[in-house]
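J.: So for the sequence shown, UniProt numbering puts the first residue at 1; every next one is plus one.
Keep in mind that a hint or two might mislead.
Stated by the list, open to error - The calculated label-pair distances, taken between Cβ atoms and stated as ranges, are:
1) Lys94 - Gly34: 30 to 36 Å
2) Gly61 - Thr102: 21 to 27 Å
3) Gly34 - Glu63: 16 to 22 Å
4) Tyr106 - Val27: 29 to 35 Å
5) Gly22 - Thr83: 29 to 35 Å
6) Ala46 - Lys90: 24 to 30 Å
7) Gly61 - Pro107: 14 to 20 Å
8) Thr82 - Ala46: 33 to 39 Å
9) Ala23 - Gln64: 27 to 33 Å
10) Gln64 - Ala104: 19 to 25 Å
Calculated directly from the structure, the hints in this document are not laboratory data.
All C-beta atoms, glycine included, are put in the ideal place defined by N, C-alpha and C.
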Amino acid sequence: MTGSGDPAAADGSDRRDGGRFGAQKIVYAGGSLGGSVALVTAADPATGAAGVISLSGGLDGQEQTVKRLTVPALYVVTEVDTTGVTDLVKDLHKATPKGRSTLAVYPWRAACRRDVP
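I would like the entire structure built from these sequences, with the hints used as guidance.
T.: Shown next, in the form of structure tokens:
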């Protein structure tokens, strides 16, 4: 969110500091549907994304979107995701241009541990 409160201006066009302070690179990230939105946003060269992180995100047919990624992508999912996207996330990882994608699949039990800080 920018100073104007306009999330559409998250590209830095509303920076009041003239670019002297703040983020120099943007990595888009989101979980579930937000992960899908992050992938779409990062695949658009006009956003100037430096990378994308998708946590259990992805939509059917989004393979064509991730094929356009020119930035590093991290996909994170559990072995048995309760939303049923485990296989879809793996497919998106495979569809992402070679060398641009990392897939982290965690055991469901490890994701639910309460003793991990």
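J.: Hint by hint, say whether it matches the structure.
T.: Status of each hint after checking the structure:
{"no.": "1", "hint": "Lys94 - Gly34: 30 to 36 Å", "in the structure": "22 Å, violated"}
{"no.": "2", "hint": "Gly61 - Thr102: 21 to 27 Å", "in the structure": "22 Å, holds"}
{"no.": "3", "hint": "Gly34 - Glu63: 16 to 22 Å", "in the structure": "19 Å, holds"}
{"no.": "4", "hint": "Tyr106 - Val27: 29 to 35 Å", "in the structure": "20 Å, violated"}
{"no.": "5", "hint": "Gly22 - Thr83: 29 to 35 Å", "in the structure": "34 Å, holds"}
{"no.": "6", "hint": "Ala46 - Lys90: 24 to 30 Å", "in the structure": "29 Å, holds"}
{"no.": "7", "hint": "Gly61 - Pro107: 14 to 20 Å", "in the structure": "28 Å, violated"}
{"no.": "8", "hint": "Thr82 - Ala46: 33 to 39 Å", "in the structure": "34 Å, holds"}
{"no.": "9", "hint": "Ala23 - Gln64: 27 to 33 Å", "in the structure": "29 Å, holds"}
{"no.": "10", "hint": "Gln64 - Ala104: 19 to 25 Å", "in the structure": "23 Å, holds"}
Hints 1, 4, 7, counting from the list given before, are not met by this structure.
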